[in-house]
Amino acid sequence: MTIPATWEPLTDEDPVLTIAQDLFTTMIDGEPGHLYAWTGEPPVLEDPSYAWVDVSGPVETRVMLVTGRTTGEHLTRALLAMDESDVVSDADFADAIGEMANVVGGNVKSLVTNPGALSIPVVTHREPDMSHDVCLLETYFGWRGAPLGVSLWAITRKHGL
Amino acid sequence: MKALVVDDSRVIRKIVSRILAPMGFEAIEAENGEAALEQLEAHGDMALCCIDWNMPVMSGLDLVVAIRKNAEWRDITLMMITAEGEQDQIVRALAAGAHEYVIKPFTPEVIFDKLQFLGLVKAKETA
Numbered sequence: 001m002t003i004p005a006t007w008e009p010l011t012d013e014d015p016v017l018t019i020a021q022d023l024f025t026t027m028i029d030g031e032p033g034h035l036y037a038w039t040g041e042p043p044v045l046e047d048p049s050y051a052w053v054d055v056s057g058p059v060e061t062r063v064m065l066v067t068g069r070t071t072g073e074h075l076t077r078a079l080l081a082m083d084e085s086d087v088v089s090d091a092d093f094a095d096a097i098g099e100m101a102n103v104v105g106g107n108v109k110s111l112v113t114n115p116g117a118l119s120i121p122v123v124t125h126r127e128p129d130m131s132h133d134v135c136l137l138e139t140y141f142g143w144r145g146a147p148l149g150v151s152l153w154a155i156t157r158k159h160g161l
Numbered sequence: 001m002k003a004l005v006v007d008d009s010r011v012i013r014k015i016v017s018r019i020l021a022p023m024g025f026e027a028i029e030a031e032n033g034e035a036a037l038e039q040l041e042a043h044g045d046m047a048l049c050c051i052d053w054n055m056p057v058m059s060g061l062d063l064v065v066a067i068r069k070n071a072e073w074r075d076i077t078l079m080m081i082t083a084e085g086e087q088d089q090i091v092r093a094l095a096a097g098a099h100e101y102v103i104k105p106f107t108p109e110v111i112f113d114k115l116q117f118l119g120l121v122k123a124k125e126t127a
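Which chain is which? The protein sequence lines are E and X, in order.
Going by our numbering, the first sequence opens with residue 1, and the numbers climb by one from there.
Going by our numbering, the second sequence opens with residue 1, and the numbers climb by one from there.
Bound-form chain E, shown alone (with noise of 0.2 Å):
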């Protein structure tokens, strides 16, 4: 398949690192410099949950966000700023990520001509199927020693989840 020319700026890993670096220092670490480009194999999550937004267009794109739960309840305890000790709810774990995913989706949008309308966020356990899909970009990246992936897709095949 072509993709479209209007998404070749975010094959490349480095606009989506500036956005998710972005995200990470205004809301959940407040400062930058605790999410960097992950170096080496790409890594093992630990029990693993998707998040993700498409934008519809001439080309349905995804926009996906992958996290361990720990990692996950971390970033969920920093953006609702609370305590270490507290537990994190698997209604709060998913709106958080899901929030992630929207910011990352919406400021990756905006960065191509022509995008179609962003979705609301969707959050599951279970990897869902991309298999009749084309990745354009996957990359890891480190909070805090934590892995974490993005990746982007163009979506060939409507699917069930």
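Do not take every clue at face value.
As the list claims (entries may be wrong) - Derived, one-sided and incomplete: chain E residues facing chain X with beta-carbon distance under 10 Å:
1. 15
2. 17
3. 19
4. 26
5. 85
6. 92
7. 95
8. 102
9. 106
10. 117
As the list claims (entries may be wrong) - Subject to a maximum C-alpha distance of 25 Å in a straight line, what follows is the list of computed SDA-like cross-link-like pairs (lysine to any residue):
11. X:124 to E:31
12. X:14 to E:22
13. X:14 to E:74
14. X:14 to E:78
15. X:124 to E:25
16. X:14 to E:143
17. X:114 to E:31
18. X:124 to E:29
19. X:14 to E:155
20. X:124 to E:30
21. X:14 to E:42
22. X:114 to E:22
23. X:122 to X:74
24. X:14 to E:26
As the list claims (entries may be wrong) - Far from chain X, by Cβ distances over 12 Å, these chain E residues were calculated:
25. 14
26. 22
27. 24
28. 30
29. 36
30. 40
31. 44
32. 74
33. 109
34. 110
35. 124
36. 128
37. 138
38. 144
39. 149
40. 155
It should be emphasised that the hints constitute simulated quantities derived from the structure, not laboratory data.
Backbone N, C-alpha and C fix where the C-beta goes; we use that ideal spot for every residue, glycine too.
Fit chain X to the given chain E structure using the hints.
Just chain X now, kept in the frame of chain E:
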């Protein structure tokens, strides 16, 4: 002053409410545009609405249009707070009647500066 925080994300509602509290706002929350209209009917003295764009049931843009159609709500300041950052969307929101537009991610300082510009909060005193 009362502020209505409209976002389908409970996390964002909590964050925005927490930012507004020290500025003197009593935050009321709604999870979509339709719920926001119900809250506006119930509270006649709302000074500010912070509105997300993408929400189920009724979008933020539709909410702005609905609020602007009601003369009783003409004094409410409307501020979009959304991940939608394209220029044409900002123009659409402002044309529909929003006063300000904040793109996520945001800091408390950004919210404060916008509200200060709109005259809803006073400048911080410096020593």
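Verification of the supplied hints:
no.	hint	in the structure
1	15	violated, 13 Å
2	17	violated, 14 Å
3	19	holds, 9 Å
4	26	holds, 4 Å
5	85	violated, 18 Å
6	92	holds, 7 Å
7	95	holds, 5 Å
8	102	holds, 5 Å
9	106	holds, 3 Å
10	117	holds, 8 Å
11	X:124 to E:31	holds, 22 Å
12	X:14 to E:22	holds, 20 Å
13	X:14 to E:74	holds, 17 Å
14	X:14 to E:78	holds, 13 Å
15	X:124 to E:25	holds, 23 Å
16	X:14 to E:143	holds, 23 Å
17	X:114 to E:31	holds, 21 Å
18	X:124 to E:29	holds, 24 Å
19	X:14 to E:155	violated, 33 Å
20	X:124 to E:30	holds, 20 Å
21	X:14 to E:42	violated, 34 Å
22	X:114 to E:22	holds, 19 Å
23	X:122 to X:74	holds, 22 Å
24	X:14 to E:26	holds, 16 Å
25	14	holds, 18 Å
26	22	violated, 6 Å
27	24	violated, 8 Å
28	30	violated, 8 Å
29	36	holds, 17 Å
30	40	holds, 28 Å
31	44	holds, 27 Å
32	74	holds, 14 Å
33	109	violated, 7 Å
34	110	violated, 4 Å
35	124	holds, 17 Å
36	128	holds, 20 Å
37	138	holds, 21 Å
38	144	holds, 18 Å
39	149	holds, 19 Å
40	155	holds, 18 Å
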